[in-house]
Each structure stands twice: as C-alpha cells, then as structure tokens.
Amino acid sequence: MNDMTNKWIGQRTIRPDGADKVTGRAQYSADVNMPGMMWGKVLRSPHAHARIRGIDTSKAEALPGVKAIVTAKDIVEFPVDKSVMLGIQDMRWMCRNVMAREKALFHGHPVAAVAAISEEVAAAACALIEVDYEVLPHVIEIEDAIKPDAPILHEWNKHEGKSSNITGTMVLKTGDVEAGFKDADVIVERSFTTRPVHQGYIEPHSCTVSYAADGRVTIWSSSQGQFMVRAMTSLLTGIPQSNIRAIPAEIGGGFGGKTIIYLEPVAVMLSKKSGRPVKMVMTRDEVQRATGPAPGSMSTVKIGAKKDGTIVAAQATFYVQAGGLPGAPLRGPVGCSLSAYAIPNVLSVGYEVVSNRSKVAAYRAPGGPHGAFAAESVLDEIAEKLGLDPLDLRIRNSAKPGDKALYGPTFGQVTFKETIEAIKAHPHYKAPLDRNPRPGVKRGRGVASGFWYNAGGESSVQVNITEDGNVVVTTGHPDIGGSRASISNVVAELLGVEHSRVNVIIGDTMTIGFSNLTGGSRVTFASAMVATASTEKVIGQLKERAAKIWNIDAEAVKWEDGMALPAGDNAGKFPPLSLKELAAKANEMGGPIGTQVQLNTTGADPGFATHVVDVEVDVDLGIIRVLRYTAAQDVGRALHPGYVEGQIQGGVVQGIGWALSEEYLYDKNGKVDNATFLDYRMPVCSDVPMIDAVMLEIPNPKHPQGVRGVGEAPIVPPLAAIANAVYDALGKRFSALPMSPPRVTERLEQP
Amino acid sequence: MTDIRYLAPRTLDEAVGAFAAAAGGARILAGGTDLLVQMRAGVAKPGTIIDIKKIPEMTAIEDLGGGAFRIGAAVSGAVLAEHAGFRKAWPGVLEAVNLIGSKQVQGRASPGGNLCNASPAGDSVPAMVAAGAVVTIQGPNGRRELPVEKVPAGPGRTNLTPGEIVVSFTLPARPKGSGDAYLRMIPRTEMDIAVVGMGVNLVLEGGVVKAARVGLGAVAPTVLLVEDAARALIGSRLDDAALEAAAAACRAACKPINDKRGTIAYRIKVAGVLLKRTAAIAARRAGGN
Amino acid sequence: MAKIHVSTTVNGEPVEFLCDASSSMLDALRGPLGLTGTKEGCGTGDCGACSITVDGRLMCSCLMLAVEAEGHEIATIEGMAQGDKLHPLQQKFLEMAALQCGICTPGVLISARSLLEKNPDPTEEEVRFGLAGNLCRCTGYDKIVRAVLETAAEMREAAR
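First to last, the protein sequences are chains A, S and D. Going by this note's numbering, the first residue of the first sequence is number 1, and it counts up by one from there. Going by this note's numbering, the first residue of the second sequence is number 1, and it counts up by one from there. Going by this note's numbering, the first residue of the third sequence is number 1, and it counts up by one from there.
The shape of chain A in the complex, shown without the other chains:
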C-alpha cells in the first residue's frame, strides 16, 4: 500500500471542507445560534489569590433580563483527596478550574456565571454579583513559588513533608550518572529559563448549549475532541453521557489548548437552570488571561562526553509551571529532551510547580520544547568544545533500534539519523553565510533536533456506500489541520474511485463511535489506520455482493480500480461490476453497504526532526530576525503533502515566536499585563521567511500507509536552533527566552 505510484495517497487534493472555509460558510461554534438563545458571561476573580468567603448573587438575580446564575455550587465537586482521571486531566482540578471553589487561584479565575437576554445585561449582572474575598499574597514565578516562605496555594499539598507549591515529581533514570560523568572528557552544565507562551489559536473558546426539558443536552463547541467535551461535561454536571450530544463545530485552532474545557459545563448548568439555550463566547482578553498557556520552566542540564563525541552521561532537572492547579506536562521535558540519544547514564528529574497563573494546558509537544531548548543548547556547546560539527555529534549519539528508551519502551524503528543527514546534505547547511553583511549586522547559523513520542489510541471510522455508488466517510476527530483531506485520499485510493466521489465528515458523539482527542500527533495516524480497516471491510462486502451476483465464492473475487473482477480465469468470466452497479443492487443482494470500525490503535513510533536556521541580528537594537529556515522530519508517509508541510511550517513559526517574542507578562497585582494580540507578540507574516519543510518518507512498518505522527515534533527544535544560531552570530549564549530586543541588548553588554 505504501506505493509511490498511488493515485490519491500523496496527492495535494482539495480538502472536503475547503470551499466552505474560503467562502465563510464553515460553521464555527461562535457561528451557531438557537431560537430563544441567551448569552452567558463569566465573572472572573479580580485577585490573583483569594479565599472565597461567600458569593451574593441576589442583586444580579434581580436585574431584569437575567435568567440564571451559576457558581461552584452548581458544578460537581471532586474532593481533593481522591484523583479521578479523564485522559491526562484530573477532575479534582478541572472542577476547580471551570469554577473557583475554595479559592480564586489566579486573576481571571471564574467565580460565577450569568445567563441573560443579551451580552450587555449578562455583563451588567456580573458586575452586581458580590463576592466576599479574603485577599491572599500571591506568587507568579517559579523561583518565587519554590522559596521556603512562598505563599502556598494548596495547603493540603506536601513536598518532602512540608506544605509546598511543588505538586508533582517525575524521575527517569538509567545507569549511574555519577560514574558516567567520571568518564567524560568534557562536561557542560548550564541553566535555562523559558517563559509561558499561549497556543495562540485565533478562535476564542465558545459554545452554544441547549438543555431540553427532558434532560437531553446538545453542545456545539470548539474543541479538539467532542468525546472529551461529553465526558468532562458529564463528570462536572452529573448528566449521563448518553444524554449529551456534543457536536464538533469547525475549530479555529487548538494546538493542545482545546483539549480541555472551560465553558461547556457552565453553559449547560445555565441552560438547565434557565430552560433556554445559552451561548458563551470568550473575549480575547479572557482567552489570554484564563485559558491554559504552555508553562514556563527553569532547567539545568549537564552533559558529559568523550573526546570523540560519545556522550557518556546526562543529568537534567526541570521545574515546570502548572498554573493555579496541578497538571504540568512533566513527561515532555523529562522524557523527551534526551530520548533521541543513546546515553548510558541518565538522570532526568522534573518538578511541577503551582503558582497564581491560569492552569496550563497542552501546547504542541507539551513540555518538549522546554527540554530541548536546554539539552540541545548544551549539545551545541559540547560540539563546539570538542571541535565537532554539531550534526556529527548528534549522528554519533543517535538512539538505535533495539535501544531501551529512557521513558521505558524499546525503540523499534529509529529515523533520527536520517533527519540529521537530510539537513547535513541540504543546500541550506552548505550555503555560504555572509556573517557581517553590513556594519552593525551579524548573522549566524544554528542547528538543533527534536523528539516527540507520538500517539495512537482510540478512533472510530464509518465508511458507507451511498445508494448511487459514492462514498461517505465519518470519523470522530475534529479536523484542525486537514485530516479530512488525508482520509479522503486514503479511502479513494483503497476503493479505487475518483477522489471527488468520497466525502469525509466529522461525526458527533451520537453518530460515531468513541474517538480520542485530536492531539498528540495521533489523528492522521490513527484515523487512517481505522479508515483502512473500515474500507477493507467494505471492500469485503462488495466482493461478497459480486460473488453473490455471479454465484461464485467471495474468495474468487478481487477488487481493483473501483470494480469487482473475477480473481482469475478459474473464477469464471464475468464483466466487472463497478461500485455504482453494486450499490444499485445493494438492497436486493443483502442490504446497505457500509461499516464502522473502532480500534485502539498502536504502533505510533516516535517522531524525529532536525532543523537549521540562519538568523540576522541588528546589534545596536538587539533585534533578531530569522532569515532562512529548513526543517527535516521523518513523516512516514505524507498522505496529503500540503497539510504535512503545513504542520511543519506552522510548528516552526510557533517555535520562532516562542524563541524571540512571545511571553506572559504580569503586573504587580498578578494580572496578565499583555492580554492582547498587540502585546502578546505572535509572529506576523512579515516577521518570518518561507519555511522549507523537508519531508522524509520512511514508512512506519506498523501502519498500513506507513504514517508517522507529524504535528508536534516541529515545535521542539526551533528554540535551541535559534539560540544556537544567535550564538554563532554574536558569540554569546542565550539561556533565557524570549530573546527579545531588550534582553539581547542587556546580554550584549554582559561579558
């Protein structure tokens, strides 16, 4: 199947949802309206840390036009002493995140919500709710939160026997690092910091909810998983899953940030209490203040190597922010930063730190960039000290098939070296670089690599043949980046029909079987695997129908180019039966043709990426610009190359923003000071060059088309690659992100 002569797989077909998206017809969740609909608004804490002593909603209730008010009392409580997990989210923290319970833990934490006849009335009612706060000292930064006298967010939490803001620890270990470092000829140990960054999806969170008189709930919302919406809403409202229909609207970007929910259970309770449909749409200000960014981090990485470049030991410590409630992605930095390398002695430790910030959420390779920034910067310095090409250093130490990965499993296929060699052979890496093109301007080149676990997991796919002989495919995954296009390529290929005859849609929780989140670089991997199984079943049905018509054995029928044919001369001579002909005879020959396959998919081997970047520094102003960027990645098989490249290009540019300009700033009251797209500086079009995405197609043997997850690995290398390029330009190492102009200027004035 993994054949480069494929007719549809690997083609840049037009996506099934494309025309609607370029004409403004695609329905995103904020575009959904219901008859009699009301507007819901959230009242948010004006304090970064405060005990909630009481909430008086009487004045708000008395305001004409107010139909319902919800507080934490209306949300199911999960006591803090008993964990209830849903995926990676613990409902103890989710119930407190959607509505503050004992305490407001960050500025912007929801404390109540109102449904009213208009947005204005709802906002006015919020202003009338009286919350009795006992304001507490707050703490924002990691270094402050881990001080012995820091304000404690959760008194019940103990670390090493004492109340602490360290709420979690993760340790991965192999060999004996102390002994390993004794064998090293060169050791580099450095500390790094990264700042929290937001996923930056352009579409704010929103939902429209209808709670009907019979207790049945319909939710249209923007999320990376309608089943996650259903399950979490069910847990937080007590409504059984069978009564919740979660309909995935088109989603305007997620990047991990829409793998949890904020509004849905609140809107459901407002709708239940008022008996009317309720719409809630966050403002950008609310998104930036109160939805999960990726954490900031503090880390120290120490790597020891022999003269020939063989790494003998590595030790890493990561402090990772969780926000106001636990849930930091420790496995990102702890497990990923060193896993691409075969290192005999490793100790990798992570600490989760809570502070008075919004609860973090997943962001593209959660925690991966933090770890890689540290480890790949140190590797660059090792290569320099040993006089080695930094790519050769990485090739020498690349993990190999059969090696036991630091995080547990044994590697099957490892295609790391291929990504490094692709960069080494790329014209970009060999191109001369004018290091000082003009006075005051310096240029440099840097490389770095990245690793991400990738994932399989549950997917469901229906394939149905229409009465007129065309194909409708339903999957259970919200399509953010073009997955419908990939699946239509696969199904058209397998059925041997024109691509235009296959239509792919996303089902809701009542029309398609359980399907896990769109995230973890899993959707194309998993849904192509399940779509393949589903299509093969349908082909089996088609062959059976032909066999029945011809009165021969089903085994004697083959399926080729969209037609059933006798498998060989022995089978008899019959004119081929097309999909259309078989569909027309479907009912007389046994009924409708179609099936649903549901699988928990496995075999998603890790993703590897290696990047090279050229930067230019305006030395007097401290401004860094990216001039050229090339990203090589093993994608297994690009079902739709346009959207595979798009994942790589988008991930790289997010990494550029992380490295150079994005960060959360807080004022002295613990309020986000840059909650706008004006001051939260994501790259704009004129900030970046073209991103050359080099797709290596080394088939994943565990996947029917050879697919490997793509979406996350591209954001892992850019932070270090850019820092290494800036070092090459300026001769100064940067250990703190973002490398913003004031910071660059300050660093240039230091020795």
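Be a bit skeptical, because a hint or two may be false.
Computed cross-link-like contacts, PhoX-like style, restricted to lysine-lysine with a CA-CA straight-line distance of at most 25 Å [as the list claims (entries may be wrong)]: (1) 671(A) to 147(A); (2) 45(S) to 3(D); (3) 88(S) to 118(D); (4) 53(S) to 3(D); (5) 732(A) to 442(A); (6) 173(A) to 417(A).
To give a feel for the contact side, a few chain A residues facing chain D, derived at Cβ under 7 Å [as the list claims (entries may be wrong)]: (7) 14; (8) 18; (9) 23; (10) 24; (11) 31; (12) 34; (13) 102; (14) 202; (15) 252; (16) 253; (17) 480; (18) 642; (19) 649; (20) 653; (21) 676; (22) 678.
To list a few chain S residues with every Cβ distance to chain D over 12 Å, as calculated [as the list claims (entries may be wrong)]: (23) 83; (24) 144; (25) 241; (26) 276.
Think of the hints as simulated: they come from the structure by calculation, not from any bench. Given the structure is predicted, the values throughout are model-derived calculations rather than measurements. We put the CB at the ideal spot given by N, CA and C, even for glycine.
Given chain A, work out where chains S and D should sit, using these hints.
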C-alpha cells in the same frame, strides 16, 4: 452600552456645539481605532459619540503650494498615502501616519485621532513634531492654533479645553534640500506600538544642515521636541561627531519608564541609535530634493 | 434608547438593519445581517480575522461602528465568489493548502484581494507586509504567501 447617542454633524459648529454641550460625556470619532478598543475594554464610556468624518474640512487634504499642506484631522493614513504630492513633500510624516497599525487600521486611523489619543508612543506625532506642524483647533470660543508638540499633556491627556476639536494639521512650505524621515523600534516588523519613535526633519544646503527638527516618542509622558539634538545637527555635515552629539541629546532627553514594551535602559539606548539612522534617511531624502 | 436604523449595501445588495450606537460593524454583520463568515479573533484590530472592505478600502470591522455603514458599500467574504465560481484567490488557497483551521482565512482572503487590487505584481516582501495585519497561527504563513503570489501571477496572465 445601549444608551449611547451617535451624532454625525455636517458642520464644525454643530460638532463643537454638541461636544461642548455633552460636557465631557462625549468622545470624538474619527477612525475609531483607539475609541472602539477603549469602549470595548470599558475604559471609555461615552454618552455621545460625535463622528466628524462628514465634516468636509476634517477629511480634506489641501496643497498650499511649495510643499506646504493642510491635512484634515480625520484623514486616514490610507487616503493620505494616495496623495502623490504629499508623499513627495513629506515622506517621513506619511510613513509615520502609515505605521499606525496594520493596513486595516490605516484604512481608518487618522493623525488627529493619533494626536488626541495622546499616547506617548503615537507614531504620527514625532514626525509631525519634526515637521513643525501647527494644529488648528476649534472650540466654543472659536479657532486657535498650537504647535503640535503643545497638544499632548501627558499619557491620555491633551491641552485641549472642553469642547475643543482638532481640525487640521498645517505643514510648512519645504525649502529646497528638505527631507524628513520617521523610524520606530518595535520588536516585530509590524503590528506593534513603538518602543521608541523618532522623527527627523532636515534642510540641507551644500551638504550642510541649515535647519533641523527632531521629534522623539515613547520615552517620556509626551512626545518631545528635542531642540538640543537639532542644535547639534545644525551647521554640521552630519559627520559622526555631530550625529553622536545629537544622539546624546536624545538620550539625555529621555525620561522613560519600564513597561511591558521596553525597559528604561533599552529605550534610552535606542533613542540614540534611531536618531542616527533616521537622520541618515532624512539627509538622503534632502539630498534628492 | 431606541435602536438606530441603518441602510447600507453589503456585497452589492441593499440591506437595512437595526443596531445600538455602540455596536461594531462586526456585531452587525454577525448578528442582524447573519453574515458569520467574518470572524472575531480579538475585537481590538490586532488579528485581521474581521477584515472587510468599505467603499473598497480594507478595514477591521471590529473597529468600525455599525452606524457608520450608512450609505457606504460593504464587502465581506460572503461576496467574494461569484455564485459557484470562486475568486482566483479562493481557488488557489484550496489548491495550495493555504489554510488549516480556516478561522483566519476569510480575513486573509479579503486582505489579499485588497492587496492585489492595489498591487497586481507584489514581491514576497510586499505580500508579507500587506498581510501583516492578519494573524494566522496554523500555517506559518508560507503557503498563504505562496498562494497570493501564484494567484497574482495567474491573474496578470489572464488579464493580458
């Protein structure tokens, strides 16, 4: 929000009358690129919005000859950019007006709004200061004129008296050998508020600076006219020593704050760097005129 | 206070609607006019998802009062295709995978059309600065810029 009145008067007298009558409860709407954002954030809660774009004088561009222009306060950057004569005479002012926001914002934002918003970081203001623009103001007590640098009083505050509306900017005639330029430092390439903004306007004669004005933004509560910097340039051939002296004067004039957009030390340093760069562009343009 | 009655033209057709004095044009488009193709990403003019043209000039509809539409010509994404014939930019965006989630796409297309009307032969740099007011978080802009350049080339060829 629903009790707001919207007025779109056709004459300045009507506008001034309504503005004065509202006694502080009204806001003038030109491009609205600041006002609507402030209203949405709940910072501005006007009882009346007075849209001045239907008043002809407010949206007129008048070529007064010899490089002199009168620009209505509500002219958008995009409209101004289409005026070939203005582009030739005042490229620095034009680039400053058209650095206010994106292409979308340029379709609305005006120099009058930028001035009256009174942000120390407004892009058009340092260039207007360097240009020596004079502002015509109309109020309940009639018309008056003010040099542009006298209009801002502090962040978000102006020296306009109640009921006064900025009507137009008058830019003086251009002697031969004139050139102006505006540069700003922003972290991105677009879509940012100036961390430092620098307008320089020069008149050269035989390579010697005969006249100079320097406007400096985002480093003090108001945009500054840096006369010491101009003095350092006048009489020079823009040699390194003169440029360094002018840069030093700009650095000395800075009274910045640390905020989310920049630090004190960084802003002071950048003021000097931008003076040199902006002067070089203005001189090149002056040489071509 | 009573709502204000506004008569305007949207995508070539005369329309009337009622709004508050403080309503933005974006509110009016998405609300009473039912044109939800114009998106809100920020409400402060910083993302360009709500881009429209007014009398042919590019603007953020979140930064314009709805009452200001009176007597003007508004153009939104819904009017970009002619019936079932897509505008060349729309077609090229589909062919070149220049969209992922699609939320910024209507604004980017309106902005790109405006750019090409003014400058039919832009350089890459001109396209990048021309679209700097339109944030896209998915694509890294690469395919958007390429699609605009390619469309411009095809439109020039077709106009010869």
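We went through each hint and held it up to the structure:
no.	hint	result
1	671(A) to 147(A)	holds (21 Å)
2	45(S) to 3(D)	holds (18 Å)
3	88(S) to 118(D)	holds (19 Å)
4	53(S) to 3(D)	holds (22 Å)
5	732(A) to 442(A)	holds (12 Å)
6	173(A) to 417(A)	holds (24 Å)
7	14	holds (5 Å)
8	18	holds (4 Å)
9	23	holds (6 Å)
10	24	holds (2 Å)
11	31	holds (4 Å)
12	34	violated (14 Å)
13	102	violated (33 Å)
14	202	holds (4 Å)
15	252	holds (3 Å)
16	253	holds (4 Å)
17	480	holds (5 Å)
18	642	holds (3 Å)
19	649	holds (4 Å)
20	653	holds (3 Å)
21	676	holds (6 Å)
22	678	holds (5 Å)
23	83	holds (15 Å)
24	144	holds (29 Å)
25	241	holds (35 Å)
26	276	holds (24 Å)
Checked against the numbered hints above, the structure violates hints 12 and 13; every other hint is satisfied.
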